[in-house]
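Make the full structure from the sequences, and use the hints.
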Amino acid sequence: MGKTHADHSMHYLTGRFSMKAEVLESTLKKNKYCLVDTVFELEKMMPVHGSHCCHHAHGHRHQRLSIVQRSEPKEINTAFLQEVAYIEHEEEIEDYLITMAICREYKFEQAKEQGMLCQCECCFDTEILADETFSCTNGHLFCEPCLQKFANIRIGNADFSFPCMSADCTGGEFSLSTLQAAMEPREFSSLIRRKQLEDIKKAGIQDVESCPFCGFTNIVQEDSKVFVCLDDECRKESCRKCQRESHIPFECGELEKTNDRCRKFVEDKLSEALIRECYKCHRKFVKENTGCNHITCPVCGAHMCYVCRQPLDPKRIYQHFVGQGGSDTKKCPLFSN
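In case it helps, UniProt numbering puts the sequence shown at residues 1 to 337.
It is possible that some hints are incorrect.
16 Å max Cα-Cα, derived EDC-like pairs, lysine to aspartate or glutamate [said to hold, decoys possible]: (1) Lys-20 <-> Glu-41; (2) Lys-202 <-> Glu-187; (3) Lys-225 <-> Glu-245; (4) Lys-241 <-> Glu-209; (5) Lys-280 <-> Asp-313; (6) Lys-201 <-> Glu-187; (7) Lys-112 <-> Glu-90; (8) Lys-149 <-> Glu-187; (9) Lys-29 <-> Asp-7; (10) Lys-225 <-> Glu-251.
Calculated directly from the structure, the hints in this document are not laboratory data.
Rendered as structure tokens:
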């Protein structure tokens, strides 16, 4: 989901549940920013009695909280509004679906008795309601699953023509309105976007570019270095030159070089903090994983303190250190990580 949808969802959740923002955000992320699943999970987390959640104390349904009254992002997000509509009208929707299922079953039995069921010319299923079939421009009938699968295969192959699936059909095709009725809304929107892009490329329209992340197409000013995606679920800004996320004010590749230099600087500083150089033979070595700050050069045997790096007199080594629980702050600790 895009940032706008996530922002709307967080504002909705904070108005609906009296929980910490961290809990709400983590639950939203866990459910892949699906607001419906997030609300249902948060409801299960709330105790039945004495809940601090914003709902009626005697029931499990929440109060209808006004979206307008809460401080939310100004941009409208259709997917968010659809999820809220489902959440706040769940009972009515479920009742409607049950009623529709009963009506369909009755219609099916009536059509079967009257011999009015249709046959799909792809899978040859003979028990399909007439209003659940889809036809090409020549009238050949197909069921919804077959047409959906056919359309998705064509789209996956970047082929945006949809001829009739029947071998006996000449010149028949599926109209966009037929495809829209059969396909999932998100899939159809993707089809329209990709088909428009193909048509624009064929037309050779100047200054038309596409978002490298979602394919959204728009006309941009010639002197603009950044493509701002207006797709509601993307909204990313990309560099027109390298097709990666916007890195202004850095030049292409400069940000990566800067990051590499920073990484090397940090690594060098870490190495410098861990590695010690023998004051006698100048051999470099690291402390063994014992925690003791009295270190001995593995080459010449010189003694030194790991903390302050000073040479130690072999006869008075432990006078330099303070043991665990000691209070002499002028001495180096004998043990440390």
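The hints, checked one at a time:
Only pairs whose Cα atoms come within 16 Å are accepted, and Lys-20 paired with Glu-41 is accepted, the gap being roughly 15 Å. Under the criterion of a C-alpha separation no larger than 16 Å, the hint pairing Lys-202 with Glu-187 is inconsistent with the structure, at around 23 Å. A threshold of 16 Å between alpha carbons decides the hint, and for Lys-225 with Glu-245 the separation of about 12 Å falls inside it, so the pair holds. About 11 Å separates the Cα atoms of Lys-241 and Glu-209, which keeps this hinted pair within 16 Å; it holds.
A distance of roughly 13 Å separates the Cα atoms of Lys-280 and Asp-313; the hinted pair therefore holds under the 16 Å criterion. Distance hint between Lys-201 and Glu-187 is unfulfilled; the C-alpha atoms sit about 21 Å from each other, more than 16 Å. Restraint check for Lys-112 and Glu-90: not satisfied, since their Cα atoms lie roughly 33 Å apart, outside the 16 Å limit. Between the alpha carbons of Lys-149 and Glu-187 the distance comes to roughly 11 Å, so the proposed pair stays at or under 16 Å and holds.
About 12 Å separates the Cα atoms of Lys-29 and Asp-7, which keeps this hinted pair within 16 Å; it holds. Under the criterion of a C-alpha separation no larger than 16 Å, the hint pairing Lys-225 with Glu-251 is consistent with the structure, at around 11 Å.
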